[in-house]
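Colleague: Sequence:
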Amino acid sequence: DKVSQILQDVVVEVKPRNACNETYSEFGISAFEIHYPLGVIDTMLCAAGKEGEDVCRGDSGGPLVFQSSDERQLSVGVVSAGFGCGDVRFPGLYTRVDSYLEWIDLAVYGSCARR
Numbered sequence: 001d002k003v004s005q006i007l008q009d010v011v012v013e014v015k016p017r018n019a020c021n022e023t024y025s026e027f028g029i030s031a032f033e034i035h036y037p038l039g040v041i042d043t044m045l046c047a048a049g050k051e052g053e054d055v056c057r058g059d060s061g062g063p064l065v066f067q068s069s070d071e072r073q074l075s076v077g078v079v080s081a082g083f084g085c086g087d088v089r090f091p092g093l094y095t096r097v098d099s100y101l102e103w104i105d106l107a108v109y110g111s112c113a114r115r
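For what it's worth, UniProt numbering labels the leading residue of the sequence shown as 1, then goes sequentially.
Just so you know, the hints here were simulated from the structure itself, not pulled from any lab data.
Glycine residues also receive a C-beta, built at the ideal position from the N, C-alpha and C atoms.
Any given hint might turn out to be false.
Pairs of lysine to aspartate or glutamate residues, derived as EDC-like cross-links and limited to a Cα-Cα distance of at most 20 Å, are as follows [as the list claims (entries may be wrong)]: (1) 15 with 53; (2) 2 with 42; (3) 15 with 42; (4) 15 with 26; (5) 15 with 70; (6) 50 with 87; (7) 2 with 87; (8) 15 with 51; (9) 50 with 13; (10) 50 with 102; (11) 2 with 51; (12) 15 with 87; (13) 2 with 53; (14) 15 with 33.
Okay, the calculated beta carbon distance ranges per label pair [stated by the list, open to error]: (15) 38 with 76: 42 to 52 Å; (16) 14 with 103: 13 to 23 Å; (17) 109 with 6: 30 to 40 Å; (18) 111 with 30: 35 to 45 Å; (19) 17 with 67: 21 to 31 Å; (20) 105 with 6: 28 to 38 Å; (21) 60 with 30: 18 to 28 Å.
Work out the full structure: start from the sequences and follow the hints.
Modeller: Shown next as structure tokens:
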């Protein structure tokens with residue numbers, strides 16, 4: 001439960017939204033149903049790693065990074081929530097960056113024209 005002073009990273013796999021919704025509904029997680037009444041929607045991603053390797057308390061706002069075949073790293077998600085801590089039964093929930101690119105462009109550049 002102690003926050004690490006050393007930056008941590010893990011490899012996670014993005015899961016299909018329907019699989020995440022089924023997983024959470026199977027376990028009847030009331031907090032999930034209260035905060036996400038529509039479940040995992042198209043502006044969200046869910047991803048899980050190996051047992052003990054996933055988002056945890058204090059990770060909110062951190063990046064979900066995809067490394068392309070040419071070694072470029074792309075920020076595709078932002079940690080939003082997780083239930084449990086590193087429990088493979090409950091994939092971490094992320095906000096999809098591509099769902100908010102216009103808003104990001106407006107905030108950064110003052111217009112929706114991508115730079």
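Colleague: Run every hint past the structure and note whether it holds.
Modeller: For each hint, the structure was consulted:
no.: 1; hint: 15 with 53; result: 15 Å, holds
no.: 2; hint: 2 with 42; result: 33 Å, violated
no.: 3; hint: 15 with 42; result: 13 Å, holds
no.: 4; hint: 15 with 26; result: 16 Å, holds
no.: 5; hint: 15 with 70; result: 23 Å, violated
no.: 6; hint: 50 with 87; result: 8 Å, holds
no.: 7; hint: 2 with 87; result: 17 Å, holds
no.: 8; hint: 15 with 51; result: 15 Å, holds
no.: 9; hint: 50 with 13; result: 9 Å, holds
no.: 10; hint: 50 with 102; result: 34 Å, violated
no.: 11; hint: 2 with 51; result: 18 Å, holds
no.: 12; hint: 15 with 87; result: 14 Å, holds
no.: 13; hint: 2 with 53; result: 15 Å, holds
no.: 14; hint: 15 with 33; result: 19 Å, holds
no.: 15; hint: 38 with 76: 42 to 52 Å; result: 21 Å, violated
no.: 16; hint: 14 with 103: 13 to 23 Å; result: 22 Å, holds
no.: 17; hint: 109 with 6: 30 to 40 Å; result: 34 Å, holds
no.: 18; hint: 111 with 30: 35 to 45 Å; result: 42 Å, holds
no.: 19; hint: 17 with 67: 21 to 31 Å; result: 22 Å, holds
no.: 20; hint: 105 with 6: 28 to 38 Å; result: 34 Å, holds
no.: 21; hint: 60 with 30: 18 to 28 Å; result: 20 Å, holds
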